[in-house]
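Sequence lines, in order, name chains A and B.
Counting along the first sequence from 1, when you hit position 248 you're at 248 in this note's numbering, and nothing is skipped either side.
Counting along the second sequence from 1, when you hit position 278 you're at 278 in this note's numbering, and nothing is skipped either side.
These are calculated hints, taken from the structure and not from any lab test.
Check the hints yourself; a few may be wrong.
Calculated pairs, PhoX-like style, for lysine-lysine (alpha carbon to alpha carbon, straight line, at most 20 Å) [claimed, not checked]:
(1) LYS431(A) / LYS74(B)
(2) LYS70(B) / LYS431(A)
(3) LYS70(B) / LYS434(A)
(4) LYS422(A) / LYS70(B)
(5) LYS327(A) / LYS87(A)
(6) LYS230(A) / LYS434(A)
(7) LYS42(A) / LYS329(A)
(8) LYS76(B) / LYS80(A)
(9) LYS250(B) / LYS166(B)
(10) LYS422(A) / LYS166(B)
(11) LYS76(B) / LYS422(A)
(12) LYS166(B) / LYS412(A)
(13) LYS412(A) / LYS250(B)
(14) LYS76(B) / LYS419(A)
(15) LYS434(A) / LYS74(B)
(16) LYS76(B) / LYS431(A)
If you want the ones that stay clear, here's a sample from chain A, every Cβ over 10 Å from chain B, calculated [said to hold, decoys possible]:
(17) GLU57
(18) ALA92
(19) THR93
(20) THR96
(21) ASP119
(22) TYR135
(23) GLY309
(24) VAL383
(25) LYS422
Positions of the beta carbon are idealized from the N, C-alpha and C atoms, including for glycine.
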Amino acid sequence: MKKNLKYLVTLGLVAIMGATLLTGCGKKQDNKDGNTAGGKTKITFGIWDENQRPTMENLATAYEAKNNNVDVEIQLTPYKGGEYWTKLEASATGGTAPDVFWLNTLHAESYKDGGILLDLTDYITKSDLNLEENYPAALISMYKFDDKIYAIPKDFDTNALWYNKEIFDKAGVDYPTDDWTWDDFVATAQKLKDAGLDAGVYPLAAPLDFQTDYYPTVYANGGWILNADKTETGYEDPKTQEGIQVWIDLIKAGLSPDLATMTDTSADAMFEAGKLGMLLAGSYMTPQYMSNDGINKIINLVEFPEFNGVEPNIINGLGYAVYSGSKNKDAAVDFVLWLGSAEAMKIQGEGGAVISARNDAWQYFAATNPDLNLAAYTNHSDVAYPLPVCKSSAELYDLEANYLKWAYSGEKTLGEASKELKVEADAVLSKMNK
Amino acid sequence: MSDMAKTKPMRRKTTKREKKEWVAAYIFIAPLVIGIFVFYIYPFIQNFWFSFNDVNRFNISTFTGLENYKALIKDKELYRTLGNTIKYVIITVPVGICLSILIATLLNAKIRGTSIYRTIYFLPSVTMSVAIALVWKWMYNGEFGILNNILGAFGIEGQNWLSNPKTALYMVMIVGIWMSVGYNMIILLAGMQGISKSYYEAAAIDGAGPVKRFFKITIPMLTPTIFFVMITSIIGGFQVFDTIYMMIGKTSLAYESTQTLVMMFYRYAFDYGQKGYAAAISIVIFAIIMLITIFQFVMQKKWVNYD
Numbered sequence: 001m002k003k004n005l006k007y008l009v010t011l012g013l014v015a016i017m018g019a020t021l022l023t024g025c026g027k028k029q030d031n032k033d034g035n036t037a038g039g040k041t042k043i044t045f046g047i048w049d050e051n052q053r054p055t056m057e058n059l060a061t062a063y064e065a066k067n068n069n070v071d072v073e074i075q076l077t078p079y080k081g082g083e084y085w086t087k088l089e090a091s092a093t094g095g096t097a098p099d100v101f102w103l104n105t106l107h108a109e110s111y112k113d114g115g116i117l118l119d120l121t122d123y124i125t126k127s128d129l130n131l132e133e134n135y136p137a138a139l140i141s142m143y144k145f146d147d148k149i150y151a152i153p154k155d156f157d158t159n160a161l162w163y164n165k166e167i168f169d170k171a172g173v174d175y176p177t178d179d180w181t182w183d184d185f186v187a188t189a190q191k192l193k194d195a196g197l198d199a200g201v202y203p204l205a206a207p208l209d210f211q212t213d214y215y216p217t218v219y220a221n222g223g224w225i226l227n228a229d230k231t232e233t234g235y236e237d238p239k240t241q242e243g244i245q246v247w248i249d250l251i252k253a254g255l256s257p258d259l260a261t262m263t264d265t266s267a268d269a270m271f272e273a274g275k276l277g278m279l280l281a282g283s284y285m286t287p288q289y290m291s292n293d294g295i296n297k298i299i300n301l302v303e304f305p306e307f308n309g310v311e312p313n314i315i316n317g318l319g320y321a322v323y324s325g326s327k328n329k330d331a332a333v334d335f336v337l338w339l340g341s342a343e344a345m346k347i348q349g350e351g352g353a354v355i356s357a358r359n360d361a362w363q364y365f366a367a368t369n370p371d372l373n374l375a376a377y378t379n380h381s382d383v384a385y386p387l388p389v390c391k392s393s394a395e396l397y398d399l400e401a402n403y404l405k406w407a408y409s410g411e412k413t414l415g416e417a418s419k420e421l422k423v424e425a426d427a428v429l430s431k432m433n434k
Numbered sequence: 001m002s003d004m005a006k007t008k009p010m011r012r013k014t015t016k017r018e019k020k021e022w023v024a025a026y027i028f029i030a031p032l033v034i035g036i037f038v039f040y041i042y043p044f045i046q047n048f049w050f051s052f053n054d055v056n057r058f059n060i061s062t063f064t065g066l067e068n069y070k071a072l073i074k075d076k077e078l079y080r081t082l083g084n085t086i087k088y089v090i091i092t093v094p095v096g097i098c099l100s101i102l103i104a105t106l107l108n109a110k111i112r113g114t115s116i117y118r119t120i121y122f123l124p125s126v127t128m129s130v131a132i133a134l135v136w137k138w139m140y141n142g143e144f145g146i147l148n149n150i151l152g153a154f155g156i157e158g159q160n161w162l163s164n165p166k167t168a169l170y171m172v173m174i175v176g177i178w179m180s181v182g183y184n185m186i187i188l189l190a191g192m193q194g195i196s197k198s199y200y201e202a203a204a205i206d207g208a209g210p211v212k213r214f215f216k217i218t219i220p221m222l223t224p225t226i227f228f229v230m231i232t233s234i235i236g237g238f239q240v241f242d243t244i245y246m247m248i249g250k251t252s253l254a255y256e257s258t259q260t261l262v263m264m265f266y267r268y269a270f271d272y273g274q275k276g277y278a279a280a281i282s283i284v285i286f287a288i289i290m291l292i293t294i295f296q297f298v299m300q301k302k303w304v305n306y307d
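Extracted from the complex, chain A is given alone in its bound form (with noise of 0.2 Å):
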């Protein structure tokens, strides 16, 4: 009887060591070898969409057409879980990470402190890329560190309110429209539930989502969330709380389902389902909604609705980077440069996925699918509040999510929580600034 547990135990450790040793070899040849592949300047491009794939690729092949010697490899980790960023952290630890590479504006601030980002600002002045002429302000500041540069903007992603037209028709109500206020989006969503929705149909959604709902509605608000030196959080100040407080009024009035539901089941999934009336999406869910047959003929989208007489939305971007540590800087810098000229970006903007940075370049996005209102993205993105980050972000969404959830299910008021998660937040400020 004790033999048998023994081989047990030995042939299950066994199993274990082998696995572990093959994940280990595995992927060995990174770019370690990397510096010529066949003659050819090999530069590694690291990203992490799928859908955006192809649009990558062509511009590595259109890249590679005008420049002989040069071979762009792409590089693909999922965001998921994190893991693009554990292993590009890993691997730049270790020296090999890719020589271009996407990052996002969550990561910026700490990568470059971290030494890993190529600082451009010289490469840029040489070249004739002219950064503050052809971008948004929002979109540069979001990489520029101390009158540095670290990245290229890539793209940008605003907000918009979807709806579902075949809703609408059923209630005998009037679509939204891009002029809308925030008391006319309530109003329809009253006018929506009055008709009489079919069973586990809702007008809306309010997810307890940063981005894409309430930092808009704060910041026209004139709230804030972060102070220009990141030492204290705005959750106490009035504005910044009435801001959030119109989307818990929301689901009160039963016109968005409960914060459980909407765990349960993602706001994305149920709108997907055909089950919600309206719902703010980032731009970059155009793709996915699109693709889903049950719902992308019944579609369109607006402005995001004004709030007292602003033009709320929030922007965010990806930057192009170069790895400091790159074997091939120049090729890279000359890559990077290339892939913020006119031409990449409408490359980029043709494929559909996401707007191009560039200003000339934003036409593109809305042009690809001509029967929706894609406009409704980029009429306003001139106005649109930078995403307020810091080094500690992360941390500070976790907390943010962690204390609104008891003001959104009802279980504590606004106030209380505000002032619990302000103390908590002001914390982490204050340790990430030590």
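Since the structure of chain A is already known, use the hints to place chain B on it.
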């Protein structure tokens, strides 16, 4: 092997042939030993060192002494996650082991199709835990989940099981037990089949019924196996992560009541980029598991039967 054991005490000069054999043996075990050093021992030492440092995302560290531990002792979250973890272990381990013994006993009987049943029960162990968690998450779903549908058929009102702070952890425990039963069952079954038939025959002649035989022969003879299963289950319980990570979202009302020690470690290490603090958490987890395991090895003399 046995030859070498015999020659050892004689302390004579080792022959060339023996030396050759040793070299060969070392080469044979080298992959495993190197693997253990590279992937277990070295990271463990590095992790221990990290716990006394402030380490950023890129492993740039500054020595801070006991700062991480001092902050950790004051962190309410540590006690909350520790509480949740202990609750998880205290419920899943006994329930899981009892169920495994029960199923192993049933499958040890001479009935048709035992191998099919064994395969079915073992399936969860060879299925990706992420996939399992996703499927269960859908079954528990408040709107479309099969659980609420079944309850609805009996006129019982369902709820959002994974968003309710009162039910969420138990729902995750059910998945954890379901996943572990197959593996434990196979080990217990192996143990049961190692028990000599003559004991049962003798007991039957003396007039002992099946229940009595189970409690007087099977269980005592099985104690070494139960001990092994218990050790691995408790360690596994303290390290529970994937099901909770997959099933409980950050905006869930049940977030606080389901976060475990490893979840806390993961967030600090990979979401917040505070690897030093995360290392300290992992050392705490390690210390707890070690203490409990030592305690079990001491206590086993009282109940484990090695005859």
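Do the hints match the structure? See the list:
1. About 14 Å separates the Cα atoms of LYS431(A) and LYS74(B), which keeps this hinted pair within 20 Å; it holds.
2. For a cut-off of 20 Å, the pair hint linking LYS70(B) to LYS431(A) stands: about 14 Å separates their Cα positions.
3. A threshold of 20 Å between alpha carbons decides the hint, and for LYS70(B) with LYS434(A) the separation of about 16 Å falls inside it, so the pair holds.
4. Taking the CA atoms of LYS422(A) and LYS70(B), the gap is near 23 Å; set against the 20 Å cutoff, the hint is violated.
5. Distance restraint check for LYS327(A) and LYS87(A): the Cα-Cα separation of roughly 19 Å lies within the 20 Å cut-off, and the hinted pair is therefore satisfied.
6. Taking the CA atoms of LYS230(A) and LYS434(A), the gap is near 12 Å; set against the 20 Å cutoff, the hint holds.
7. About 11 Å separates the Cα atoms of LYS42(A) and LYS329(A), which keeps this hinted pair within 20 Å; it holds.
8. Between LYS76(B) and LYS80(A), the direct Cα distance comes to roughly 28 Å. Violation of the 20 Å bound is thereby established for this hinted pair.
9. This hinted pair checks out: LYS250(B) and LYS166(B) have alpha carbons roughly 17 Å apart, not beyond 20 Å.
10. Distance restraint check for LYS422(A) and LYS166(B): the Cα-Cα separation of roughly 27 Å exceeds the 20 Å cut-off, and the hinted pair is therefore not satisfied.
11. Note on LYS76(B) and LYS422(A): the hinted pairing holds, with a Cα-Cα distance of about 17 Å set against a maximum of 20 Å.
12. A distance of roughly 17 Å separates the Cα atoms of LYS166(B) and LYS412(A); the hinted pair therefore holds under the 20 Å criterion.
13. Of the pairs offered as hints, the one joining LYS412(A) and LYS250(B) holds, with about 18 Å between alpha carbons and a cut-off of 20 Å not exceeded.
14. Restraint check for LYS76(B) and LYS419(A): the C-alpha separation of about 18 Å stays at or below 20 Å, so the hint holds.
15. At most 20 Å may separate the alpha-carbon atoms for a hinted pair to count; LYS434(A) and LYS74(B) meet this at roughly 18 Å.
16. For the suggested pair LYS76(B) and LYS431(A), the alpha carbons sit about 16 Å apart, so the restraint of at most 20 Å is met.
17. Interface exclusion of GLU57(A) from chain B stands, the closest Cβ pair being 28 Å apart, more than 10 Å.
18. Residue-level check failed: ALA92(A) sits 6 Å from the nearest beta carbon of chain B, not beyond 10 Å.
19. For THR93(A), the requirement that its beta carbon stay farther than 10 Å from each beta carbon of chain B is not met, with the minimum near 5 Å.
20. Every beta carbon of chain B lies more than 10 Å from that of THR96(A), the smallest distance being close to 13 Å; the non-interface claim holds.
21. The beta carbon of ASP119(A) is kept farther than 10 Å from every beta carbon of chain B, the shortest such distance being approximately 17 Å.
22. With a minimum CB-CB distance of about 27 Å to chain B, TYR135(A) clears the 10 Å threshold, and the non-interface call stands.
23. Every C-beta of chain B lies more than 10 Å from that of GLY309(A), the closest at about 30 Å, which supports listing it as non-interface.
24. Every Cβ of chain B is farther than 10 Å from the Cβ of VAL383(A); the closest lies at roughly 29 Å, confirming the non-interface assignment.
25. Listed as outside the interface, LYS422(A) is consistent with that label: its C-beta sits roughly 17 Å from the nearest C-beta of chain B, beyond the 10 Å cut-off.
Comparing the model with each earlier hint shows violations of hints 4, 8, 10, 18, 19; every other hint is respected.
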